[in-house]
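One-letter residues, chain by chain:
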Amino acid sequence: MMKLTQKFSLGFFFILMIYSCKPNYDPIVVSTEDFHLSVDRVIDAMVHDIFSPPVASRVFVYPNIAAYEIIAQNDSMYQSLEKQIEHLGAIPKAGKNKSINHSLSALIAHIDLSRQLIFSEDKIKGFRDSLYTKWENINPVEFENSREYGLQVSEFIANWMNNDNYPQTRTMPKFRVDSEDESRWQPTPPSYMDGLEPHWNKIRPFILDSAAQFKPTPPPSFSMEKTSLFYKELQEVYDISERITKKGDESEEIAIAQFWDCNPYVSITRGHLMFAVKKITPGAHWIGITKIASKKDNANYSKTVFAYTKTSIALADAFISCWDEKYRSNLVRPETLINTYFNDEWKPILQTPPFPEYTSGHSVVSGAASVVLTSIFGENFDFIDNSEVPYGLKERSYSTFSEAADEAAISRMYGGIHYRSAVEIGVEQGRKIGKLVVNQLNMIQ
Amino acid sequence: MMSKSIVLVGFILLFSCHEQKERLFIKAPTKETGIVFKNSLTASDDVNILDYLYYYNGGGVALGDINNDGLLDVFLSANQLPNKLYLNKGNLTFEDISKKALIEGNSSWNTGAIMGDINGDGLIDIYVCAVVGVNGFYGHNELYINNGNETFTESAKYYNLDFDSYSSSAAFLDFDLDGDLDIYLLNHATHTQESFGNVTVRSKRNYQTGDKLLRNDGDSFTDISEEAGIFGGVNGYGLGVAIADFNKDGYPDIFVGNDFHEDDYYYINKGDGTFSEQLKNYFGHTSRFSMGNDAADINHDGWPDLLSLDMLAEDEIVLKSSEGDDNIQIQKLRTEKYGYHYQFTRNMMFINQANSRFLETGLLSGIGATDWSWSGLFADYDQDGEQDLFISNGIPKRPNDLDFIKFVSNEQIQKKIDNTKLVDQEALNMMPSGETHNYIFKGSKELKFQDKSGIWIDDNLNVSGATAFGDLDNDGDLDLVINNINEEASIYINQTNEKRHFLKLKFNYFKPNSFGIGTKVYAYSAGILQYKELYTVRGFQSSSEPVIHFGFGSVNSVDSIRVVWPNNTYQTLKNISTNQTLTINPEDTQVLAKEKTTLNKSLVFKQTENNLGLNFTHEEDNYIDFNRQKLIPYQISDRGPGVAIGDLNNDGKDDVYFGSSKFKTPKVYVQGDSQFNEQIIKTIYKDSITEDVEAIIADFNGDSINDIIIGTGGGDFFNNMPPLLDKYYSQNNKHYLKEDFPAYFENANVIKAFDYDLDGDLDLFIGNNAVSNDFGNIPNSYVLNNDNGYFSILKDQPFQNIGMVTDAIWDDFNSDGFADLIIVGEWMSPKFFRNEKGNFVEELTVNQKLNGLWQQIIPFDIDNDGDTDYLLGNWGENSKFKASKDRPLKMYYSDFDNNETTETIVCNYNKDGYYPILGLDELASQLISLRKKYPSYKNFAGKQISEIIEKSDLDSAKELNVHTLSSGYLKNINNQYTFVPFKSELQIAPITSFLKYDFDDDGTFEILVGGNYFGVTPYHGRFDSFPGALIKNDSTVILGNKIGLNFSNKAIKSLNIISFKQQPFLMVTVNNDKAQVYELTNQ
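So the sequence lines, in the order shown, correspond to chains A and B. Note that the first sequence ends on residue 445 in our numbering; no numbers are left out. Note that the second sequence ends on residue 11083 in our numbering; no numbers are left out.
Keep in mind that the hints were calculated from the coordinates and are not lab data. Because the structure is a prediction, the values reported are computed rather than measured. For each residue, glycine too, the CB sits at the ideal point set by N, CA and C. One or more of the hints may lead you astray.
Claimed, not checked - A partial selection of chain B residues facing chain A, derived with a Cβ cut-off under 10 Å:
hint: 1; residue: Asp10176
hint: 2; residue: Phe10196
hint: 3; residue: Gly10838
hint: 4; residue: Glu10900
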């Protein structure tokens, strides 16, 4: 028989128990730093897996859009991209009863889609799992709801993504080499790799109405007549390289060329020994600039996601437009002609990447990204670009995004891998794409 | 309890006893021999694999009797440590006399070591090569002149041999037959050639990197490379040199193996002090990363054959984690634009054809893949009369490991190479080890070798390089001395002793070449010839004992031995006892008449000068099937051109139609009075988009005027593209009218006409080969019934999806008066169809599992027993494909990745299971999910196909098999057929053409055979060295190069007899090359 005091204590005990079943968790705080870190991890994985520049642009854009769409659900300052990107439908809405941390869901969606897109998933999984554990410990209910929603949106975007023709282009025919046609692109030393992504113009664009919307004027007609424009541009590449090589390693032009090398796979051979020196792609370089600008601007979480998203959309379309022209004009690289006609021992300062010459990928994507970043952060936004420091290259500073784009373009001539037309016309081609993105997308209210 | 252990122990003892019994070579322990030499490598800032590309090539070995006491002494050169000389004291004990002998050397990096009598005083001297002038290396090549008292005097400078260049090795030879020994110095480049560069680079001489021919002028040597036509360019990576009189004209020739993309050099001695480099004229292809090589007659025909080593691994894990072959477009670039020859990464076995192109049989011989190989040495190790082969291999670290190249290397090495020269040992440690077991093969008949690795010799893993052979214990058999890296040198003692008989010959020739370098010996016993030539520099960076050694099994007395001295005089010894060492002096010599190639006297084909006007050259278009279907095993678009012979202009004389490839025009030649003349037929010519693979000229519509039917194909056309329709042109009043023809869009490969329903007009069988863009899918083949010029597809015929057809014959195999059909094709068995008065019923005549990659069939009574046998041309045994009844070659066909296009995955059985032939990069280029599944090559390497593809996907895929790749014949025994494979000579390449005719006018038929095929990726190489053959019967086959045919290096498409001025001529149609016309000289 329980005494009254015992009953009382028991009752009190039970009440205590009930209250403790409804604990008070702290809300999970997701910062811009967390988002930047996630983007960095994806970049690391891409460098490891050796993604080519166009394919890398696809890996950036879809996870960013997923994150942005979730943010736009909750932040009235930002408009959804539904219908603005013609073939993007409305993402699933979060359930009313569930308390969703949108920043968290956005980050989770970003991580999940990125994981699907890269090859060595382990690199992302470890990062993800430690975050999951941390968040779960802070607030398991909020975490679970947000995670569920984030993955839901990720699945939706993945389905949309898988209809962009990427799977089909994987097995389309290789680029046919024909060494009898001197004007035609040929594999270049040292690895003589096949032409990368000859069918990238078949990837579904975002804002462009077609891959050829900003088709540039054709390159100067191939000719080895000394009076022709083509020959003069070829000679110019050779002369510049001779001039700056003589200056030696202190040459500013060489530093510029190296800074914008952004070659994901430079192959070094020493006899039978081979190894790769890997760097971020041009797209990743501009994503890095986006990060720098957001931080300098003290952009909040939503603005950060917005900036990444708008920039990566411009980059994705820029690659589609550029590659469309590359495999239309199929122009031979300077190195091939210089070795045949001028100097068989000449090597460009940068390793010639494995795809045709016109127009210059760097120029096009830099033009596009710089216009978008200007629209977000302003005309006279100066910044210090330290995105190449992990790759052994000193930081450089720019007073405007446009200046950086111009330097990126000319760097390809210094590098000995492009003629003047490809970079001048290329950067304008890119600027047009950037302007289209800016004009057509209403993301900020 | 006790008894169990005894049984176990007994069992183990028995097992190891058995193993010991088979052991041909047993390592002699260092403690006993006293040879404690170890080539230890110590890396430093300047000297490491990053800075010197041949840091891992190892030192040298030279064997010779330095004090003429009858005991073989051992000289070993290390890369960084002092040289060592070990005096043989007998009973396999050696004394280190290095210091006293003054041969330790003064150069900082030594390579090969060779012994030879430089100054002609009968004492053997030592020449040690060095690399000087890079990486801080100093010194020069050193020449140790033997003083006769177990000391040497370094005299390189005196003799003008003190080269301070990048030397690998050197070889002695008397190239000008003036009696003294000249030297070929083998050098290598040390920079990495990044761009191919045009072949003309080799014409600009470079002192450091270029090879040199040094003429012995008595007291000194003169570099006569330039005058002699010896290349010494900046891109020569000379690692192997073999001297032999390859063309038996009395003057020694030189074969040089070059690593990387510089071609090997085949220098023919012109006898006037100069050489002519003729690689492309005699070799269809060579090894790519050529290292050591060796010359020896392995098929008893008296002509030296040649081995060239490369670095292809056998082991699945190594194979799939190492860099693969060139892709085919790069190969085209290298050969067509830059002028290099075809090179493939595997060991090559070149069989000398006496002044015709060599046959290359490395894969057929079973010696194609022995991992990173350095030294190959032919010798009769087990003394059974056949040449065996020892191959040393290994490399401390594998620099071509794909994970290292793509994933690991980046972070570690990048910073280092940018800033300093410091090598990061840790980074290099991430490369997988390349220690492997050496290989040894037992020679046998039919050019084949049996792998006795691990049985004849232990299979310890190590890094072995330079190797030499000699009789260290004077028991008659050959022992091996191997220079290893970072491990003591290995001395292997041959256990044969006198169990099987030997004969050793030493020569006492005229000074200054008293050792008789260049002497040739022909030993005849029981009708079998063994031929050897005395050159000591063999294999890699080493020289062997200057003695000729033969094995004679159980023979006690050799019938005769002819010794041909370097001055081309000879003497004959008879009835020589075996099991002895003979020293032979020149005595009663006679002059040797120059060796003539014997052409078969009873029949010669003589190529006409102008082809009788048939100046047709087939040109392939640029289309590469592999660009579109990356995983298919071979091309389908290169099976043309079609050719047909018939009277087109009704004058009773043969005319010719040649088909063409896409966008090229076909050609018609009409027979005139003095030659054939091209005639342009507009209707046919304007249809030039098609790829014409087959053609028939005959009267199909009963108007007594010949018409023409053309079968088309080509992988560039697919689905229902019009160019896939076959065509029928009827002739009327010299005009050709395109007639209606049944519409089926297929890749035709064979059309055979016959009146199978005996209604007076010619019907057709159309055999189709592949479905474009859907390789592995079986196309339909058809019988077309002809009703006076109107063709229709026979209904209810059993030929739908019959297979990937390549050939067919109408043949009445059941002798009932109705012509039956026999059909052959790829991935299928020959199929017999009985003609039951116009209906075709399959007869299961061939019981055995006989799927092949069949290319041709012809009926022929090969065994002369009165019934018809069927000769079958197959893929041949000289490829990387492996097939047997129990372990067939497999091809899985399915849409593995659900992207609406199909793929094929071809798998070989390798040791313990089925593995895909292609590596991860190739497979993932088509099946992208594999990139995710296997983020590293290490994950992928060693996985069987059942692990790579999901079981459910494999099960639902179609599996096609091949049980045999051998060409051969179906032997008819009372209408039951058994398959009998041909001998090795007919297995060298795919056989693509048969022709039955009485070529020698002796009243019986023979079969002429043509083959070769180039439509494969560099992984397979090119099947180019079959010279054609004439089959008289099942025991008489004569190779084409003996009877005047020029079939080597040509992909023969068809063989036809054409009648010109009532005389028969042989017309040969070649894919992507000129047609050939031969006179039959016996007619």
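Against the structure, the hints:
| no. | hint | result |
| --- | --- | --- |
| 1 | Asp10176 | violated, 35 Å |
| 2 | Phe10196 | holds, 7 Å |
| 3 | Gly10838 | violated, 44 Å |
| 4 | Glu10900 | holds, 8 Å |
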